[in-house]
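Novice: Sequence:
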Amino acid sequence: MDNKAQLKIEGNKGYFYIEEAGKQEAKMTFVFAGEDKIIIDHTEVNPGNNGKGFGKMMVMKAVDFAREKGIKILPLCPFAKSVFDKTPEIRDVL
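Residue numbers (this note's numbering): 1 to 94.
Simulated from the structure, these hints should not be mistaken for lab results.
Even for Gly, the Cβ is constructed at its ideal location relative to N, Cα and C.
One thing to keep in mind: the hints can contain errors.
[Unchecked claim] In silico PhoX-like pairs for lysine-lysine, Cα to Cα no more than 20 Å straight-line:
1. 86 - 69
2. 52 - 13
3. 27 - 81
4. 23 - 69
5. 37 - 23
6. 4 - 27
7. 56 - 72
8. 61 - 4
9. 72 - 86
10. 13 - 86
11. 86 - 8
12. 8 - 37
13. 4 - 37
14. 81 - 52
15. 23 - 72
16. 27 - 52
17. 23 - 81
[Unchecked claim] Label-pair distances were calculated between CB atoms; the ranges are:
18. 22 - 88: 33 to 39 Å
19. 31 - 6: 27 to 33 Å
20. 94 - 21: 32 to 38 Å
21. 72 - 47: 28 to 34 Å
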């Protein structure tokens, strides 16, 4: 059980995901918008994983990625936007 958000990039898009016992249990997709921004467009957590914090873990991984690369995040996904709304300390990447 690794429960650590991971990142996969495929061309101009990618996703953050969480695996448990070798199975992908959560996924948050994004697309690159130019050189300096990603747009988070969808977050999905498999049934049975509610309350485990997977969604927020993936948003925090996206924040770390944005800070590392010096880029911004546009959270079009309502879930990701709600995490940004509730967490002032990560708004520097908006």
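Novice: Against this structure, judge whether each hint is valid.
Specialist: Outcome of the hint check:
no.	hint	verdict
1	86 - 69	violated (23 Å)
2	52 - 13	violated (26 Å)
3	27 - 81	holds (15 Å)
4	23 - 69	violated (28 Å)
5	37 - 23	violated (29 Å)
6	4 - 27	holds (12 Å)
7	56 - 72	holds (17 Å)
8	61 - 4	holds (9 Å)
9	72 - 86	holds (18 Å)
10	13 - 86	violated (26 Å)
11	86 - 8	violated (26 Å)
12	8 - 37	holds (16 Å)
13	4 - 37	violated (23 Å)
14	81 - 52	holds (18 Å)
15	23 - 72	violated (30 Å)
16	27 - 52	holds (14 Å)
17	23 - 81	violated (26 Å)
18	22 - 88: 33 to 39 Å	holds (36 Å)
19	31 - 6: 27 to 33 Å	violated (18 Å)
20	94 - 21: 32 to 38 Å	holds (34 Å)
21	72 - 47: 28 to 34 Å	holds (32 Å)
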